[in-house]
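**Q** Top to bottom, those sequences are chains V and P.
So the first sequence is numbered by my numbering: it starts at 48 and just counts up by one.
So the second sequence is numbered by my numbering: it starts at 1137 and just counts up by one.
FYI, nobody ran anything at the bench for these hints, they're computed from the structure.
As the structure is a computational prediction, the values presented were derived from the model and not from experiment.
Think of the CB as a built atom: it goes at the ideal place given N, C-alpha and C, for glycine as much as any other residue.
Some clues are possibly wrong.
Stated by the list, open to error - Now the stretches of chain P that chain V is said to cover, found in silico as 3 or more residues with beta-carbon under 8 Å:
#1 1430–1437
#2 1464–1473
#3 1591–1601
#4 1630–1644
#5 1650–1660
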Amino acid sequence: MKKISLVLAFGLLVFTSFSQTTEEHTASVKKIPSVKLKDMNGKSVNTSDLFKGPVVFSFWATWCSPCKKELNTIHELYEDWQEETGVTLVAVSIDDEKTKSAVSVYVNGKAWEFEVWMDTNGDFKRAMGVNNVPHTFLADKDGNIVYSHNNYAPGDEEKLLEEIKKLTGK
Amino acid sequence: MTKLFVSLLVVACSFNYFSQGSFSGNIESTFQYLNADSVIGANQPPEKALLNSYMNVFYTNGNFRAGMRAESYLPRIQGYPDRFDGTGIGMRYVGYGNDFVDVTLGSIYEQFGTGLALRSYEDRALGYDNVLDGIRLIVRPYKGVTLKSVYGYQRLTFREGRVERSDGIVRAIDAEVHLNETFPKMKEFPLDVVLGGSFVSKYQRDDNPDLILPENVGAYGGRTKLHYKNLYFDVEYIQKEQDPSSDNLYNYNWGHACVFNLTYVQKGLGILLSGKSVDNMSFRSDRTKDLQDVFINYLPSLNKTHTYNLVSTLYPYATQPLGEVAYQVDVLYTFKKGTKLGGKTGLTIGANISTTYEPIRHTTGFAGNLNRVNYKTLPFDKSDSLYWRDINFNITKKINKQFNFIVSYFNININNDVAKISNDAVGIIASHIGVLEMAYKINTKNSIRAEFQGLFLRKKEGGGINDKGDWATVLLEYTISPNYFFSFMNQYNFGNPSTEKRVHYPIITCGYIREATRFTVSYGRQRAGLFCVGGVCRFVPANNGLTLSFTQSF
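Generate coordinates for the entire structure from the input sequences, incorporating the hints supplied.
**A** Listed below in structure tokens is the structure:
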């Protein structure tokens, strides 16, 4: 119990002092954390490396039906979205060693054009605070997370596009 | 421990001197109120109400990072490991990393290669967590070269708000070289080559009065990954030294594990062939433990993870760490728009076949052997004794912008004498399962979806219904984007051999989602069964009641 109270005190201290500092500086925003992963073809990637425009990180798995519905829906709209907003979609697979080998079969079988990253041991998932999939994040061109949504229902892609357009001012 | 928190405190205070940093994390909380329901064998716990929660907080600032997780079981929800109770810190670490070195002190999640030698990971839904507590150092001395070392004790359980560690210590190193990055001459080479090797060792004191047990046990091996045009191939082979344990009945055999994957892809087509051979490969940091406790390595089962209720939860298969030989073929093909079969919108077909057999154990010449080496096995030397077979197909078709459907068929055979799944079944449980899923988009915000599932069992040899007989499931779901969903599911065991057990399991679930916040409420009956994620399973008893869950990311 002594330890718990110590930790609580520590938490309180951090948060009070932190909230003071954030008033002085620009508001603290969640940034894409830096985690070293491999993409689907084995190339090394650093998750915090920036893209040219806004980025959608969509956490998915081959065993997650709503995830696949979301990505298949966006797949059909992707060309238009890219032209309109310059957005990049990164499909972050949280498939572990059991189903990892099915990822490229699915991605190619569906002819997806997304970037596909492999988060085999859940490091990026943990760092991004993902409880369950599908979980979709939208980051601006500087890597600040501006919107996230932890579900997929048909129509959610329109809300996502709206948020992307807010970023690009179009 | 107290010292660690004090140092965390000091670090935390110094945060103020940094201009900025980034906090992130997540919370999940699940509450259950359970009723007694004698028809399905659900008990009411004496407390009636159960509550599981955890919260992760991560901080990064430049090259510095720290994180912790608070966990709480007041008490644990049904089906969770029974030694989880109290509230406390389940994970915490501090770390520093740049492009050259990366060091972490505290709780460490790590995987070498495909995990056959070492994998520490968590799955909160299962209550699985074998995190290593110690130090990890990663060095990237040269382009394409990664060296890792890990040293620590594994988490065994969480009692009275405190993590209890495993008895044995784990020490491990791993090296990986991506030749095309390391050697400039190979940069434009059409063949892409990655080579790797691991060595993992555990130490546990020999406290056995009857046997002289090896106290230091090593597991080591190599791996390679090749990529040429549309072809991908990877293989890893790990062997393990003599490791007598309660799993292998204290034999002194060596063990091995090998996995390979061969993939061919082109736009619209993916084909995978995988193979796996395992013998005597249960590698734990405590030789006396069983079930899912303190595994140092990870042995995935080689089959598709299904998502439909009757397919995924009635007869799932988990790896037999003592030995198996398995193969899998997975194919996905999309007929393009405008082709004869593709029509206006395209058509996708998928097929997946997986089999698992008992390996052959050559025992000739080993009888009466006093050194407790009982048999000989060779990699991929399989017998005809079937553990598991799954043959499944599916067709996905979008009729128009509003309506689409998926038709699937599964033929699943599981050997209940080996991979025990039911107390009511004998021998091979052979099932045929058909699923029709349909979705209709009413307008931009409103959609409905329905699933109709039927499971039919083959009769036992000599007649009679095997296990609990046939099942049917209906699921209806209504969603209002982006905030609400409502679903109703009913499972009906209409083919149960005893008529009074032909019961319905209805359950209603509603959810509200706003950005990264999610609330769900469900009420109804849930059937007893194995709940599996990634080939690791836990048994969840039947229950009847109310479940509230809340998740938040920040």
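**Q** With reference to the structure, classify each hint as holding or not holding.
**A** We went through each hint and held it up to the structure:
For the segment 1430–1437 of chain P, the stated coverage by chain V is satisfied: 3 residues place a CB nearer than 8 Å to a CB of that chain, which reaches the threshold of 3. Note: the segment 1464–1473 of chain P has 5 residues with beta-carbon separation from chain V under 8 Å; the three-residue rule is met and the coverage holds. A stretch counts as covered by a chain when three or more of its residues have a beta carbon under 8 Å from one of that chain; for the segment 1591–1601 of chain P and chain V the count is 0, and the coverage is violated. Restraint check on the segment 1630–1644 of chain P versus chain V: 0 residues with Cβ-Cβ distances below 8 Å, three needed, restraint violated.
With 4 residues having a Cβ less than 8 Å from any Cβ of chain V, the segment 1650–1660 of chain P passes the three-residue criterion, so the hint holds.
The structure does not agree with the numbered hints 3, 4 stated previously, though it agrees with the rest.
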